[in-house]
Amino acid sequence: MDMDSIVSLCKRRGFLFQSSEIYGGLQGFWDYGPLGVELKRNVKNAWWQDMVSGHDDISTLPGAPSSYAMEGLDCTIIMHPQVWKCSGHYDLFHDFMVDCRETKKRYRHDQLNGRWVEAKGQKIFVTAPAGDEEQAVMEKQAMKFFKIRAKNKDDIQWDGASTCLTEIDSFAEVLGPDAKTLGTLTEPREFNLMFKTYVGALSGEEGAAFLRPETAQGIFVNFKNVLDSTRNRLPMGIAQIGKSFRNEITPRNFTFRSREFEQMEIEFFCHPDKSQEWYRYWRDRRLQWYHDMGISGDRLIMREHHKEELAHYSIGTADIEYAFPFMAEGEFGELEGVAHRGDFDLRSHMEGKLDEKTDPLTLQLGEDGKPKWKGSGKDLSYRDDLTNEKYTPHVIEPSAGADRATLAFLCEAYTEDSAPDDKGKMQTRTVMKLHPRLAPIKAAVFPLVKKDGMPEVAKDIYLDLKKHFNVFYDEKGAVGRRYRRQDEAGTPYCITVDGESLTDKTVTLRDRDSLEQVRVKIDEVEQVIRERIDE
RNA sequence: GCGGGUGUAGCUCAAUGGCAGAGCUCCAGCCUUCCAAGCUGGUGGUGAGGGUUCGAUUCCCUUCACCCGCUCCA
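For the first sequence, position 511 (counting from the first letter as 1) is numbered 1188 according to my numbering, and the numbering increases by one without interruption.
No lab work stands behind these hints, which were simulated from the structure alone. Remember, it's a predicted structure, so these values are computed and weren't measured experimentally. Where a beta carbon is used, it is the ideal one built from N, C-alpha and C, also for glycine. Treat the hints with care, as some may be off.
To be verified - Mimicking PhoX-like on lysine-lysine, the simulated pairs with C-alpha atoms at most 20 Å apart in a straight line are:
(1) 1049 x 762
(2) 1136 x 1182
(3) 857 x 830
(4) 817 x 828
(5) 762 x 1055
(6) 1047 x 1034
Said to hold, decoys possible - Beta-carbon label-pair distances, calculated as ranges:
(7) 1033 x 975: 31 to 39 Å
(8) 971 x 689: 19 to 27 Å
(9) 700 x 860: 39 to 47 Å
Input sequences plus hints: build the corresponding full structure.
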């Protein structure tokens, strides 16, 4: 299966277009066409229905530790700038960073200091994170590099005082803070991953704001509002679907990495003691959802992060990944991350940005010893009125990409098979085998030929079905051609009015995947389609 | 961010320093009783900007986008 065919079909049939195409396009931005907008809306609606509005909050669902509540939310894209400082996005997304190719560690360009040092006829610049211990660390690094014992430390000659790495132009002679070889640091790169804008007519820095890089923070800051307005007890999930923006360095692979994208996120709040069980529940539940929507088992995997990849407070993170056609053999791309986030987010919005490297989590301090970013000071903890226990809830976060899911469904659906034409000759048929729930058009209605009263009957059926589903009417050309067109659009059912229909009030219902036709009474068409979609 | 490639009609592909062509698609009409049939007619194109030239889709420069490899990826 090659990606070009899928991209071509998406363009040809109106699933996806390049943004601003008549002006040459814009990297990292994509538009959904008439079929695409229906498909993506169906993806989001299926998720919302299955996770939120259709949620059974009375029973204990299979695999769940208990029953739980689910609520929805729709927050603004631009939020108070302090939100991103306490969430950590500001620090993470807004600095010049250097990466070490050897150790894969990343440092802020302006937070590495270093000194020139010479020994054994070689002069290098050793670096260390700025701080009280930087001198000791640099000495240790230098001696290790030059293979000099501690007792001979006078063999190395320091040249000049400690200076910031920002003063150094070429990194060829620079030794990274944890590296063994020279020149492993990349050029400093600006991580300006948040789109910046200005609130108010004046564009001064005091009005600076950001387009959200994730929908999650809107949920955290509204946690108390939702809790107070719904009378819910924990455990409770809050769901949100909405646009997010990241100024990705390298957008690529069709819509997979876009700069404007839509997320479907749940923040699930629970008691710390139960968080591990809830993590497993959500991980398994979300994987199953993709299966239920038609993604086959061998192209979908769940990858648990290794311990080293996890923030220390997290019990686990699992990525649900799909084998996209543009990925190398055996490689997968992330559809959704299910993360155990502990109480990091709520506490950061209460107390101020926490330091992820501490255990237990403590307030991150600035150079002046004061909290780096102040929190809201509002109490976001929860009092269980049954046990009278007060605690800060732990959070499980299933965070899905609506565009990535849509793309995966498109890729999974794309099929080429062979079907005989009216002369019995085999022809390649392109068919989008989308799950009926996701299909943009649920059914197409055709008169077999454009005469003998068939169009009139077909139009009546069309208008009747239109009240319930997105249906499509077509009377032009040969019926076989009309079937093929619907195959490419992913329409699961075609209803054809023929001569018999006029006398016995039945039509044929043609199945997209099996090509089978069954006769159905006109009065029962709506119900038959409804049953098949819900299967 | 680096290197390589590509850009001609909705799609697949031709051609040329001098009127840009075909097949399929699409549209209209005729015909047509179940899987891209047939006949007639029709619409439609050189990614953008600049330069060289009498004349550029073709040569040169810039730019944009896409693809491949590396890099990166909350």
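Here is what the structure says about each hint:
A C-alpha spacing of about 9 Å is found between residue 1049 and residue 762, which places the hinted pair at or below 20 Å, so the restraint holds. Using a Cα cut-off of 20 Å, the hinted pair residue 1136 and residue 1182 holds, with the two alpha carbons roughly 14 Å apart. At roughly 18 Å between alpha-carbon atoms, residue 857 and residue 830 fall within 20 Å of each other, so this suggested pair holds. For the given pair, residue 817 sits about 12 Å from residue 828 by alpha-carbon distance, which is consistent with the 20 Å threshold.
The hinted pair formed by residue 762 and residue 1055 meets the criterion: a straight-line CA distance of about 16 Å does not exceed 20 Å. Pair hint residue 1047 plus residue 1034 holds up; C-alpha atoms about 17 Å apart against a cutoff of 20 Å. About 36 Å separates the C-beta atoms of residue 1033 and residue 975, a value consistent with the hinted range of 31 to 39 Å. A C-beta distance of roughly 22 Å is found between residue 971 and residue 689, which places it inside the suggested range of 19 to 27 Å.
For the hinted restraint 39 to 47 Å between residue 700 and residue 860, the CB-CB distance of approximately 41 Å keeps it satisfied.
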